[in-house]
Each structure stands twice: as C-alpha cells, then as structure tokens.
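Peer 1: Line order of the protein sequences matches chains A and B.
Position one of the first sequence corresponds to residue 1 (our numbering), numbered consecutively onward.
Position one of the second sequence corresponds to residue 1 (our numbering), numbered consecutively onward.
Bear in mind the hints are in silico, worked out from the structure with no lab data behind them.
In this text, all values refer to a predicted model and were calculated from it rather than measured experimentally.
C-beta: ideal position from N, C-alpha, C; glycine also.
There could be a bad hint or two in this list.
Distance ranges between label pairs, derived from CB positions [stated by the list, open to error]:
hint: 1; chain 1: A; residue 1: Phe726; chain 2: B; residue 2: Asp192; range: 14 to 24 Å
hint: 2; chain 1: B; residue 1: Leu190; chain 2: A; residue 2: Pro617; range: 52 to 62 Å
hint: 3; chain 1: A; residue 1: Asp672; chain 2: B; residue 2: Arg68; range: 50 to 60 Å
hint: 4; chain 1: A; residue 1: Ile315; chain 2: B; residue 2: Ala231; range: 53 to 63 Å
hint: 5; chain 1: A; residue 1: Arg309; chain 2: B; residue 2: Thr286; range: 45 to 55 Å
hint: 6; chain 1: B; residue 1: Glu274; chain 2: A; residue 2: Phe726; range: 49 to 59 Å
hint: 7; chain 1: B; residue 1: Thr244; chain 2: A; residue 2: Phe726; range: 20 to 30 Å
hint: 8; chain 1: A; residue 1: Met479; chain 2: B; residue 2: Pro123; range: 52 to 62 Å
hint: 9; chain 1: A; residue 1: Glu312; chain 2: B; residue 2: Glu178; range: 34 to 44 Å
hint: 10; chain 1: A; residue 1: Ile315; chain 2: B; residue 2: Tyr280; range: 28 to 38 Å
hint: 11; chain 1: B; residue 1: Ala290; chain 2: A; residue 2: Phe726; range: 46 to 56 Å
hint: 12; chain 1: B; residue 1: Val216; chain 2: A; residue 2: Ser469; range: 37 to 47 Å
hint: 13; chain 1: B; residue 1: Ile253; chain 2: A; residue 2: Phe726; range: 29 to 39 Å
hint: 14; chain 1: B; residue 1: Glu120; chain 2: A; residue 2: Gln671; range: 46 to 56 Å
Partner residues are not named here, just some residues of chain A that face chain B (Cβ under 7 Å, in silico) [to be verified]:
hint: 15; residue: Ala598
hint: 16; residue: Glu717
hint: 17; residue: Ala788
Computed far set for chain B versus chain A, every beta-carbon distance over 12 Å [unchecked claim]:
hint: 18; residue: Thr32
hint: 19; residue: Val52
hint: 20; residue: Asn81
hint: 21; residue: Glu87
hint: 22; residue: Glu125
hint: 23; residue: Asn161
hint: 24; residue: Ala272
hint: 25; residue: Asp337
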Amino acid sequence: MRRARWVGACCGLLTVLVSGVAWPAPPAPPSPDAQRAAPERVTVEGRVLEAGGARAPVSGAVVMLVDAPAGVRPGKPARDPLDPEAVTWMLRAETDADGLFSIAEVPSGSLRVVIVAGGYERLEVWAQAPSKPSLELFVEPEQDGAYRTEVAVTRERLAPPDHNLSGEQARHYAGSGDDPLLATLNLPGVARTPGGFGLLSLRGGNPTDTGFYLDGHPIPRAFHVVPIASVISPPMTDRVELSAGNYGPGYGSFSGGMVHVFSRAGRREGVHGQAHVDLFDLGLTTEAPVGPGAMHFGFRRSHIDAVVRGAEGVIGQTGILLPTYWDYLGRLDIPVRPNHELTLRALGAGDRLRARGPDPVPGQTPNLFDYGASFHRFDLDYRVDDGDWRVLVSPSIRLDSARFQQDFVIRRDATVLSGRVEVENDLQEWLTLHLGTDLVYDRWRRRERVAAEIGADISDADQVTVDESRTGQQARFGMWIATTARYRNWSFVPSLRLNLFAYAGRQLVRFDPRFEVHAQVHPKLEWFAKIGMFSIPVVASTGGASANLVTPNGSFQGGVADIPPYLLAYFDPQIEGEPRDRSAAATSAVQASTGVVAQLGWDLDLRGTLFWREVVPTTINIVFPTTTFEQRTARQRSMGLELMLRRALGPKLDGWIGYTLLWARVQRDGQDWIPAQFDQRHSLVLLLSAALPRNFRFGGRFRLVSGNPENTVLGGEASNSIVGWFYRPIRGVRGTTYQPAFHQLDLRIDKRWVLRRTSVTAYLDVQNVYNRQYPEVSLYTRDWSQRASLIGLPIYPSLGVQVDF
Amino acid sequence: MTSARVAAALAIFCVALGCEFQIPAATYIHQTALISVQAEVVELGPLNPARVGLPSDAPIAEPMPHDRFSFEAVVVDPDGNQLPASEIESIWFQCGVFGCEINGNLDGAPLPQYQRRCDEIEPDESIEQGPLSMDDRCRIGEGDGRFEFVVPELGPMMADNRVANYYGVIAWNGRSAEDCWDARVALDGLFDNCGFIIRSVKVGPSWWMLAYASEVLGIETQIPVWQIPFAVYGQAANRTPSPTVEVRIDGAIAGSYPDVASFSVAPGSTIALEVSYDEYEQFGQTYFRANLDAENQKFWFEPAVELLVAVPHTTNAIHSTADIDADLLVPLDFVVDELAKPGRSTIFLVHNDDRYGEGVVRLDFEVQP
C-alpha cells in the first residue's frame, strides 16, 4: 500500500515535470523589513553516488528539493508519502558527470530531497539547509539492473568466440559456485564432467585437447588440481570466451576448442574491493586508481584442509586427502599516452594434495603421497589503438613447479617464455588485415629419486637407489595472416597459420589454412560457416608418474572402487613424463562448422551450429636406446549439433537453454571404431537466473545428459603373486554399455543488502535438490564378481558471504 | 557451490562420517568361488633329479622342462563345501613370460595365439615359429578340476625370466569351461560360475636350469654361466609350504592343525590362528638370488629365505575382524556371529611362498548352541 502511494506521488511529480507545469518557486525575497522574519536563502550542494561497493557517481540524476515539516531528522529516509497537494515550493537540478549538483536560493530549514535517476531506485531523504559538508546521497541500482553487463562493441573482431560469458553475471548461476569458468561447463558443446570435476571436453575431444588461455597466454591448467575452483579468483574475471571448435588463427597447437579467460582491469573512480568466504576458501580483491591508471589485485586461499583437520580434532584421524590451494592476480593498467596503454600483470596459483596414512609411523613420512604444483606468471601488454592501426605486444614469463612424492620424488621445474604480437590495420573500409605471431618456449628440469625400498627416507641419499636429473626444452611458434573482407552483408575471413613445433629434438613445420564466412542474410539472422586445420604436436612420453597416485582400482570399504579412467587421466599431464627424445610427430585436426544466429523477440538469441571434427592419425617413432617402435595415433571423429537459446542481458531474467547432440568416436590403428571417452549423445542444460523484489535473486539449473560409455566390468580375473592373489577386472569393449542418463536440479538464492558504502551478499546454493545420486563410481566386490554399491553425490547445500566495498 | 566442491566434500564427509557401503568382506565367501590353484610336479622329468633335496612329503611346486605337472583348482561354495574335481571343468593355456592378455586390443579382439593348440605347433620359419617351447602362447588342453600336462622345452625368454604364466578357465555348477572361455574371449557375457586365473609358476631351480639352457640348448642368457658359483647349483626345488596352525578360541588353545582340523565354537566366540612352519624344512628351502654389481658388471649371489603369507577365507558364521583392505596385513583374527545358528563354518587358509608354492588348510568350526 505504501509502495503504491510512493508510486502515485512519484508519478504526480513526474507528470508535472514532463507537462512543463512548474511548481511554484519559493516566494521572492521580502522587503528588508520583512526579511527578518523570512527564512534565509542558501545554496545546497551535493553529490549523488551509487550505493553499495561501486560508489560510482550518478550523472543525469534529477535532484528535487521540496519543503518539509519542521522536526524531521536529516539523513533519514523520508518514509511519509509525498503529497503533491501539500508541496508549496520545489527546486530542481541535474547532476553533472561527476554526480555533483548545486541548487541556489533554497529556503533554510527542513527539506525533502527526492532523487530520480534512470536505472536506480527512487530516493527520498530528509535534509537540512544549509547543510555542511555538502550532501552525499546514495541511490541503489534498480534490482532489474543489479547484474548489468556493459558490453562495449568497438569493432568487428577476428574469429569471435562462440560464447562470451560476463564474469559478474556468470558468478550467480546456480551450480557454478561463484566461478565464471565453471559456468562455462553449462554451455553447448561442453561435456558434462563427472562428479563436477573441472574437465573441459569440447565436442567430444579429450580435456587435454582444449587450450586454456588467460589474458593471451597459456596457463598450465584452468582449474586447481582438486578442481574445486578455477585458478583465477572469480571477482578478477572480466569474461570467459569459449570456442568449442574452429578457433581463430591467432592460436594453435590444440586439436579441440579453446577457453580464454580475461581478467578485469581496476576501476579508476575510487578504491573498491570485495571479500568473500565460504566453506572452501576465502579471498579479497582491491582495486584503486594509480595515477592516470588503475590497479586491481586479488588473492584467494582455501581452508578446506583446516576444516578437515578441525573435524579430525573431534572424530579422530581419518587419513583422507588434504587439498590446499591458493591463487592471486594483480594488474596495473596505465595509459602511457593517448591511444597507448600499458598493462603489467602478475598471477599465480598453487595446489597441494596430501594423502596420509591413518596411523603415521614416527620417523617415517606421514604422507602416502604428497603432490604440490604451482605457477607464477608475469606479463606485459602494450596496446596501441590508433585509428586504423591496432597493435598488441605482449611478452610473458611463467615459472612452473611441480613435485610429487611417494616412495619416490619427482620434481619438475620449468621456465616458460610466451610472447604474442598482434597487428591489425583497416586497409580499406571493406578490408582489414590481421598479422601476428606467438611463441611458447618451455625449458624444463626434471629430477627423479627412487627409494631403495618401500618406506625408506627419500631425503637420505643412502636410502635412494635412483637419483637422476634431466633437462630439456620444447617450443611452439606460430605466425599468421588473415584478412577480413566485407562485401555488403557478407564478410570473408581467410587465414593461414604457420606452426613450428620443436619437440623432443625434432623440428616440424605445419601450415593451417582456415576460412570463415559470415552473412547477415536478414536483419535479425546471421549465417556463418567455418573450416580449418589445427595442427598439433604429438609426443611419446617417458612415463606415467601418477600411475600410483590414486589406484584406479583401489581398495575401498572392503571392495574395489571402479573409478572411471577419465577421473584420473587428466590429473597433471606435465608431471606424468617428458617427451621421449626424438619421439615426436605432428598431425592435425580438421574442423568444420556452420550455423545461424537469430535474434528473436524478448531479447532472445538463438544460435544453432552443426559441427564436424576429425583428428587425422599419424605415426610416431618411439625411440629407445637400442630400437625404435612405430606407434600409430588414434583417429578421432565427432559430429553433432549445438543449440542455444539465450537471454543474456535481460533485466529480470537471464540464462539459457542449451542442447548438444554428439557422436564422438575413436579408431586406433585399424581396429574397430569405439566411442570416445565423453561420447554423451544428448546434453540439455536449462539455466535461469531471475531478479526478485528486495534484492533477492533466484537461480536454477537443470541438466539432463546421456551417460558416458563404460568400460563395462564383466567379471574378475585372479592372478597369484608372491604375496597372495590379486584380481583385475575383465572389461568389455568401451561402449558395450553406457552409464545411465544423468539429471540433476540445482537451486540458488542470493540476497543482497545495499548499504551506503558497501553491499553484502549472501547465497544459499543447493545442489541435487531432489537427491538423485548418480553413479559416478561403482564399488565391486574384491574379486569383481558383483557390483555391490554405487557412489554418487547426494543433495548438498552450501552457504557463502560476499562483501563489496 | 560447484558440484566439484560437492564431490570433494562428499569424499571428505563420507569418510569422516564413516559411510557404510554394503560390500561383502574380501575374506568372506559369499558365493561359490575359486580360491586357490595348487600346482605340483607329479612326475619328475629327466632333468636334474638331485633337485628333490631333503626328504619331504610336501609337493614340488617348481617344475623343469619335461616334468609332468598338474594344476588343481580349489572351488568352494558359501557353505564351505569344496567342489570335487569331477564337478569342475577347466581349460589351460600357457602364456610364456607374457601376462596372459587375452584381449590385446582396445576393440576387444582376442589375441590369435590363444586360439591355437600347443600340440599343433610346428616349426615354421616364415613366421619365426620354432618347435613348441615354454615361450609360446597356446592352448595346452582341457580337463576337470585337476589338469596334468608335460612341461615343454625351455625357450630363450623363459631362460631369462624363469617364471611361467598359465591361464586357467575354471567352470562349475554345470557350466562348461568352453562356454566360459567363449564368453571371456567375446567379452559379451557375464561370467557366472566361471573363474579365471593367471597362474604364475616358478621354473627351476634357476641356476641349474640356466646352465642347462646355456650348455645344452645353446641359449645366450643374461647371466653368464661362468659367473654362477658351483655351490648354487645345489639349490633344491621349491616345495609347497606345510604350515602348522595353532588355533585359539576365546583365548585358549583349542588345538593345532594338522593334528586337529575340526573345532567347536559358540556364537560370539573369537578365533585366532597362528601359522608357523617347520624350521628344518624351511632351511631346506633356502635359495639364491642373483644381484648385479653395477660397478663391475658382474653378478653375485646371496642366499634368501622364503617369504610366507597366509590369506584366510571364511564361510557362514565366521568373519574376519581385520581391516580388510590389505591382504598382506590381515591378522588371522576372527569372530563367530553372535546370532549364529548351529552348523558348520569353515576357515580356508591359503598359504603361499614367494616362489608361487601354494596350498590350502581347511579348518572346520562347529557352532554349538
């Protein structure tokens, strides 16, 4: 009822304003005799700012001063409805670009200040004239616009990605854990990752076929080793771009698609930041102006290990995994001179994963295994955008380190130099030229020590049988040229990329021709087609270091846990082994796609894509000291359809409906075709996020996805050893059976409290609302004769709090 | 909260809270199962008759070429009844030094070597096939629960490895071994009433056999014969260990196997087994290991005593109280079900040495009301 009265009053005011009927100004100054009794005239100044953490000046806001009864409390909200009939005078002004306003000739005394600004909630507060210091008035963004995303479209890009997710928007999707990169797992073309692990399998390829870039340079992994989170703190993420295939000529050396995460530059209009805490980690980000530029820095550290240890303090030793992770990112953006901008960036991430025996033996290592990995990267970007010329020069250095200890120690340290130069010129109105080069040079050192016997002290040289150290280097270099030619509503983008792979002492040159065409066949309908080659180096590795990290068929609860290979295969490819000398080759993938993008009503976009991807087999000569083996790599083929109906920037509602139809097959050296690891025939994702009154936001995600092909366990096979019998499973051909269909509903609700200078957001996220436990892992009897239990994720609620300032 | 976080949390909290999964204990016989394949030389061949060593009743578990050798499957049902050999069918293959990978390819196609019979192998230079030897992969033959065959001649790979692998297909409850084998090769069915075993067998004694390979067969071995000291040629053939098992019920000694093999227990009783071996017999089983002196590139030999392991299997009312994950560490402690009804329960103790000698001790426990 009260809201209705407010609306009525507001409408009344606006009607008067719009109709040009002016309210009476305050009475003219009286004669000097009467002046003693008349109120003094003063100037009221102030500033209108956005409430909450942003505190951005609000320009163009209408500030109205209206007389108010005596006795009101300045600074308090004017909750009494404004009665237009009772208004005796009114003065108004508009804020300038800095949110400042000034209104002269205001009768001293009590005032009602009314502020109306587009995109913000109406504000009415009591004030006093004169007022010192000047008024600071905070208006709250309209709930509809709480997650506004400003997309600045400057010019047509070379090879734009299939999907572009705003970091701020994607954080609030249900089931994405505040992490924009995890939100990309919901996009069409991306396979459902078992158990929620951060594996990005695109269009049926292996996760290792996907390229991960952060601000133009590769990163060793996108997710922490126990993939609870991505390696970039969510508040630092500006956007995530995903190309499920047919990525642009500026990138190469991976046969699938690519994911490119961009960090966010700091804002220049004040000191801001964000702090968050949830069950798994806590973090803080800060951004501030620095001279003419801005800095942005954030870090995050997990505390799940402390949670586990705390639980053990109550229930005793459990001997379970202890994961720890951290990451940071800082950047400084400085305009050097007009159209020239310098960005300095430092980022890093680290993980540690420890397994402890339930009863550690004094004097011996308490770790069954101890894995740690980290990287630190330092970048410099120099950008010039001088009309027709755009230039980027970006060198980067990355320091990688990984260590894996059991009854052996493997340590790998690497220095990775990465460089990228891009030049773009509008030669003609209809013709743009793109040139560029990129280099990734990896120089590594690997040390391996093996204990003389199980339980020996690996740090004692006398108890070590193997202590070897090796160094090596590899590089991949690319140069590309592309043109964008526009003719009427058509644009054609032919490109050629030259790849030089220097792996395992071999140098291989490959050319990748690629071609794109886009046509605006209707004002609301675009058609596109892409085809290209994507060369990749193929190497034979020296070993599988993590083979014993988690036993694929490890004992569990008296039985055997049948852990699907895809849960282990991508643990840390770098520490697994190095390229074997002279054992390298190169092959390529051929990718083609075509589709349409249609703009429908209600801000809906529909994108439909047909795709085809084929990785051509090649032969590697695996060189040993005395002999050489030839190994033929697998042919991979996938094809399908991606559909996405998206409402990306809707004021009340955003989200999408994504569907993927996929066939993905692998053929190894003349054998029969078998399904690829992530051959998920159908994948449907419904993702919605809706603004509700009172700063509530509600989100939901529903997924219905075909199961992965299984390496079906048909039974067990015993073998006698020197210490008794062991069993191994007899498995059917992959794809003999498939896992059952997966379906799950996740819900999330956010509540934001907007204060003057801060805002506080709390969320409750409930995964698997109707508690359907999907069998990600099966438990078998020790002899593999019976499948006794299935392990899936139950319903699981979580809470998190975030403070913006 | 991502599902990944959920996964991690589940793993953590599940273990922390002690999630229980309904999995039969690894040591409990919940369905008819193959628990052991005993192997013995039933008739010595012409090579090295002195290998019998000290007089013993224990069977020789380490054959030499041309010996007559046997495998005997021990199949037990959940009531503790051992199926007679006549109710069991078997097919046996020799895998040479290979790991008996029946389906060698990702697409499941079986290796052709296992489709041929050993006795049909003829020398064929075009495919580098010599006369049948222990290196070949082939089908030896068929039988019931007990299968006998003559070990063929030594091959070069076997001379260097001296561990022969055999693949056994065992069928019971009326199912034919051929049917089990067809299902195994085709990977298209379930294996009810089938057992598959990769049975490794130590061949030797090693050093006498190495000399035989080098001097008689002209095989070039990794360990040159001239580096083998004369004393190690006297190493005796490995014999299946013969344990003595002391049985304690509720803390009191109830008897010792082999003198006593049947005992009485009450519901809730505890049973503890203590396995020991005759020191004199074990001394006779001393063998020699070859070690490479990397500096001088010479082999030197050291005596070794056998590592002996016993793994229990229980039926009906008896359950192991040990942590069931690691076979090696299973203490031989058991409990009789509190609600056990009168009847017989059995503990089968499968004992083996580190040269693949394997035997079974059967202990019956009558649950008294």
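Peer 1: Next, verify each hint and record whether it holds.
Peer 2: The hints, checked one at a time:
1. A:Phe726 with B:Asp192: 14 to 24 Å: The hint (14 to 24 Å, Cβ to Cβ) holds, given that phenylalanine 726 (chain A) and aspartate 192 (chain B) are roughly 22 Å apart.
2. B:Leu190 with A:Pro617: 52 to 62 Å: violated, 34 Å
3. A:Asp672 with B:Arg68: 50 to 60 Å: violated, 42 Å
4. A:Ile315 with B:Ala231: 53 to 63 Å: holds, 58 Å
5. A:Arg309 with B:Thr286: 45 to 55 Å: Taking Cβ atoms as reference, arginine 309 (chain A) and threonine 286 (chain B) lie about 49 Å apart, which means the hint holds.
6. B:Glu274 with A:Phe726: 49 to 59 Å: Cβ of glutamate 274 (chain B) to Cβ of phenylalanine 726 (chain A): about 25 Å, so the range 49 to 59 Å is violated.
7. B:Thr244 with A:Phe726: 20 to 30 Å: Check passed, 27 Å falls within 20 to 30 Å.
8. A:Met479 with B:Pro123: 52 to 62 Å: holds, 60 Å
9. A:Glu312 with B:Glu178: 34 to 44 Å: violated, 55 Å
10. A:Ile315 with B:Tyr280: 28 to 38 Å: With a Cβ separation near 50 Å, isoleucine 315 (chain A) and tyrosine 280 (chain B) fall outside 28 to 38 Å, so the hint is violated.
11. B:Ala290 with A:Phe726: 46 to 56 Å: violated, 26 Å
12. B:Val216 with A:Ser469: 37 to 47 Å: Holds - the Cβ-Cβ distance for valine 216 (chain B) and serine 469 (chain A), about 46 Å, lies within 37 to 47 Å.
13. B:Ile253 with A:Phe726: 29 to 39 Å: holds, 33 Å
14. B:Glu120 with A:Gln671: 46 to 56 Å: Once the Cβ atoms are compared, 27 Å apart, the range 46 to 56 Å for glutamine 671 (chain A) and glutamate 120 (chain B) is violated.
15. Ala598: Result: violated, 32 Å to nearest chain B Cβ.
16. Glu717: holds, 4 Å
17. Ala788: Constraint on alanine 788 (chain A) satisfied, holds at 4 Å.
18. Thr32: violated, 10 Å
19. Val52: holds, 23 Å
20. Asn81: holds, 18 Å
21. Glu87: The claim stands: glutamate 87 (chain B) keeps its Cβ more than 12 Å from every Cβ of chain A (closest is about 19 Å).
22. Glu125: Nearest chain A Cβ is 22 Å from glutamate 125 (chain B), so the label holds.
23. Asn161: With a cut-off of 12 Å, asparagine 161 (chain B) remains clear of chain A, as the shortest Cβ separation is near 14 Å.
24. Ala272: holds, 20 Å
25. Asp337: Label holds. Min Cβ-Cβ 17 Å, cutoff 12 Å.
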